[in-house]
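Trainee: As you go down the protein sequences, you meet chains A and B in turn. Numbering-wise (the working numbering), the first sequence opens with residue 1 and increments by one. Numbering-wise (the working numbering), the second sequence opens with residue 1 and increments by one.
Hints were generated in silico from the structure; no laboratory data involved. The structure presented is a predicted model; accordingly, all values stated were derived computationally and were not measured. Idealized CB from N, CA, C, for every residue including glycine. Everything hinted at is true.
One side only, chain B facing chain A, incomplete, derived with CB under 7 Å:
{"hint": "1", "residue": "V27"}
{"hint": "2", "residue": "M28"}
{"hint": "3", "residue": "A29"}
{"hint": "4", "residue": "D34"}
{"hint": "5", "residue": "I37"}
{"hint": "6", "residue": "P38"}
{"hint": "7", "residue": "G40"}
{"hint": "8", "residue": "D304"}
{"hint": "9", "residue": "D307"}
{"hint": "10", "residue": "T312"}
{"hint": "11", "residue": "N359"}
{"hint": "12", "residue": "N392"}
{"hint": "13", "residue": "W456"}
{"hint": "14", "residue": "A458"}
{"hint": "15", "residue": "G462"}
{"hint": "16", "residue": "D463"}
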Amino acid sequence: MKKIILVLFALAVCSFASVIGLDALGEEQVAGGMASTAGRGYAGGAKTGDAEGLSVLNPARNAFDTKVVFNVNFLIEMVSLENHGDNFGVNNITMPSFNLSFPMGGFGAMGLSLWQSYASNLNEEVSNGKNSLETTIEYQSSVYEIVPSYTFRLPVIRNFSVGASAHVVMGNSMRKISMGPNTEGLSSEDTWAVSNAEISDYVDGTWEIKNHPAYYTAALQYRGHQSSFYFSYTTPHTLLNELDYNFRMSELDTLAPTKRSREIDVPAMLAAGMNFRFMKRNNVMFDIAARGWDKDIENIGGSFNMESVTETQKDMLLALGFQRDGSPMFYDPYLDRVTYRLGGWYKTWYVKDVYELGGSLGAGFPLGRKGTTLDLSFQGGKRFADSGRGWDEIFLGFRIGLMGVGNWGQTR
Amino acid sequence: MKKIFAVYLLLLTLVLSACIFDSDETVMAGWLSDQGIPGGYSVQTLSVENLTPLSSEVFLDSAPSLANDRAVLGKAANISHDLVFDIAFYDSVFFADLKKSDSATAYMALYVLSPFYSSKSYPSDSLPLKEDLTLNISWKLDKGASKSFVDSIGDISDSLWLSSLSKWKADSSVDTTVSISVSAKDSVMKISLPSALLTAMKKLSRACHLQLRLSAPEAVRTYRFYGAGTSQYPKLWVSFPKEKSYSEYDPFRMAHIVSNKESCSDCLVLHGGVYDSLVVEYEGAPIMKALSDFYGDEFPYMADDGDDVRQTVVLAQMTFARDDSQGTSELGLPIQVVVGSYTDSAGKSVRQMEAYKLNKSLIASKGHPNMVFYEGDSLTLQVTYGLRDFINRARDGRTFKMMMRLGYPVLQPKDSSYSDHVTSKKDTSYVFFSHFDHARYDFSSAMKQPSTLKLWLANKRGDK
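Given these sequences and hints, build the entire structure.
Mentor: Below, the structure is given as structure tokens:
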């Protein structure tokens, strides 16, 4: 465990992720960014079992659980941006979610997640030949959701469960672009006044849902002997991002900011998935989720020649995965107790003309005999930005999930 | 062991992939450019001509201040400087001796401020000073008897004591003339105290509180002394010639009281060495119009729920006409003009002293532009904080207000370090003379003439 933390710490010094949609919402952490789900290409929302944990897209899943499950996830992602043969890399570490599900026998199951659903993260310095000051660009924006959920199996048709969750949105957003002067427009006798005068375009604000405490997801799950299915619906909502804009020499400036609110209409999302189990411990699974964006997203923008809106498209995820469950028998060989995962996905982003194709490989390593699992997944793929100002991205992700399974509140 | 190996393998993989995903700054600059983020903010200058003040007013803080370090007595530049000594007596033997003696005399010994008078910057032909000084000596004498009385004098806080001096009502006062002789840097100025004071003290027996004030409103100059908090503090001597003995008492604190003797109440006169200021206020409309013409945008900015951050002031300076013949100075050195602006702080207007950015090439060739009593006919003062705040919040119809006052005399007007510093030869290079010049400068005519505001504006508007 210590070594894992050391590895995470060592990687935390480099820092991330996609730069597409930075000024809109940023990158979406699909399916809660869980390492186990990501290992099979984001498929498997319909797969039930104590080792699966909570799903933010399918709150009905854990009605069939018998054990308390705690799960925390980390993501390390490296991205190479490409355009006309040029490329540069950025990287990051983040914690997209942690989840707790708590079965209560005949009273159903409760769950609680903290999910970083969208994030803009970037921190880079660029030398500029025109003056001695570097340009620094920094984004720290997170749309966080606290997601309490409740699910129960239907009284007569016990193979079915229904569940619902509320997504309480919160979070902060910050963008800071610091740069020195471009003195090309000044006469030589006037340049002294701006020497070493670094100015920051600084925007910060908060996220919430407009006129409502939360948005909601409802789901129906079927668990069969071999096949499982789920269907979920997430309500449309309007994200409210209240922003303060400043253009300042230092943090000590007492300038009054321009205040502006941007409202982002997030449409309803439909998600469905199936899981087919064969040869006892082998599973194939397929998931689809779609959200029909119909309005442009107002950007943070407000500065220089940055675009004021991000055009949108239908946001859709198609995921196909395979998983071989590990043996639950402690005395089986260790490699037989490991869970193996494989998957691939195709995703259209909410940003117009941006498509993502990815594949993943994962494994869940049991730690000890009490059900604790270390999930690792490697992901790789490419995001295609076919129009606008976006660059293509080749990404390589590494996710770590820690899953703890316990018998809290259970009697033998 | 397998787990440890797996972790190391993982780390190795990530390090190798980090090499593949290397950053190229040139490429990144290209990405920034594609996102509409320039390599540097655009900056332009804008001059706003013919600004005339909406109002201009001088203020003098005549509240008494402590003079425990340096003390000034006399009159210069139409400002008179009085000194008050706070002395406590607790000595029954002294009072018994005083009561018996019919020949006792008393005087104050004041030690002249030798670093000032011995400085090369002090005009050498001014010494020796030999003149008769007309003095008004007044005092307040409170009778006491116990040690607790004396202790209670010490318990009076400085601020309370200074405040009480504003309402000075002497028990008695005497006009007298003393012969002054300041001939060398270690001169002592001896001021004989009136016999009426000793007569009053003879009525006391054990303790008393003496507050002694010296005024010289007719003086032709100021005299500078060490204060009560220095090693060369003033002393009150009481001499008993027949008994060939004397007693010495020290003031435990001193106060400095200034009063304005200017005859022209409308004149905009600043004085050196006192807390006075010239506050000048400008209407916002001409500046807003110039900005509007320059950018083609609406000024003041009224859109959105907030203030104007479309651009910011990197530097601003006001240039005034200057006529040094309207002033007088003691030392003949250039004097810096210190400037501040009124900016917003949590909804309140506060005075903020301005920073001074050095235009080194100009300073090397022509000297600092913010000095009076120097060659040239203009005075340029930087008001960056003020203009930055003003343009930011101009939507509420506010005015631009700035403040100026006379600072220290400048020894090296063409030194661009603008602060005392150690040279490569490990000598201290003094840029400023560390004593104020009791100068007088009349800004009345300068404020009647139009001034020019020059702005360096950083802009974050996109290309139109």
